[in-house]
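Please model the complete structure; the sequences and the hints are all you need to start from.
The sequence shown runs 466 to 603 under our numbering.
Derived from the structure by calculation, the hints contain no laboratory data.
A hint or two may mislead.
The following label-pair restraints were derived from C-beta to C-beta distances [what the hints assert, rightly or not]:
#: 1; residue 1: V517; residue 2: T491; range: 29 to 39 Å
#: 2; residue 1: I509; residue 2: E535; range: 34 to 44 Å
#: 3; residue 1: G514; residue 2: K547; range: 32 to 42 Å
#: 4; residue 1: R540; residue 2: E513; range: 42 to 52 Å
#: 5; residue 1: F568; residue 2: A592; range: 19 to 29 Å
#: 6; residue 1: R536; residue 2: E493; range: 19 to 29 Å
What you are looking at is a predicted structure, and each value in this text was computed from that prediction instead of being measured.
Ideal Cβ placement from N, Cα and C applies to all residues, glycine included.
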Amino acid sequence: MKQAVKIIAFVGLMWTSLAGAECTLTVERVVDGDTFQALAMTVIGGSEGHYVWEMTGFRLLRVNTPGRAERDYLRAKDYLQKRIEGKKVEIRLVDKEKKRDSFGRFLVEVFLCEGTGKANINDELRARGWRAKKQYGG
Numbered sequence: 466m467k468q469a470v471k472i473i474a475f476v477g478l479m480w481t482s483l484a485g486a487e488c489t490l491t492v493e494r495v496v497d498g499d500t501f502q503a504l505a506m507t508v509i510g511g512s513e514g515h516y517v518w519e520m521t522g523f524r525l526l527r528v529n530t531p532g533r534a535e536r537d538y539l540r541a542k543d544y545l546q547k548r549i550e551g552k553k554v555e556i557r558l559v560d561k562e563k564k565r566d567s568f569g570r571f572l573v574e575v576f577l578c579e580g581t582g583k584a585n586i587n588d589e590l591r592a593r594g595w596r597a598k599k600q601y602g603g
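As structure tokens, this is what we get:
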């Protein structure tokens, strides 16, 4: 029988469950223009299970930036690094049926809290022309 797995991110002194569709976390590392990693806690075995801290991958939904060998790869990666690396972001699972891609990354919309509002990072990248030609699902 498969063990229940959910991701929990530490926010101040409270825990927020990603399985509930939203959570806030700090971006540890931008991998490329549409992928980042954050430290999260995986709970294995449901509420009675055990906890394991691990670096978790997140993929921006409906965004497709150039790959490592493609033109503008560094421009896209640098943009995302400047916007979110080392900062707290709110992530939202949009498709509750398809939470992860084929690489195991969570498919998310990302919001950067700035001043009195929230900037949708996915929308910013799409406005720069980095739209996925189809719904990205891995």
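Evaluated hints:
Checking the proposed 29 to 39 Å range against V517 and T491 shows it is violated: the Cβ atoms sit about 18 Å from each other. Range check, I509 to E535: Cβ separation about 37 Å, and the 34 to 44 Å hint holds. A C-beta distance of roughly 38 Å is found between G514 and K547, which places it inside the suggested range of 32 to 42 Å. The given range of 42 to 52 Å is respected by R540 and E513, whose C-beta atoms sit roughly 47 Å from each other.
F568 and A592 have their C-beta atoms about 25 Å apart, which keeps the hinted 19 to 29 Å range intact. Range check, R536 to E493: about 27 Å between beta-carbon atoms, so the 19 to 29 Å window is met.
Going through the hint list in order, the structure does not satisfy hint 1, though it satisfies all others.
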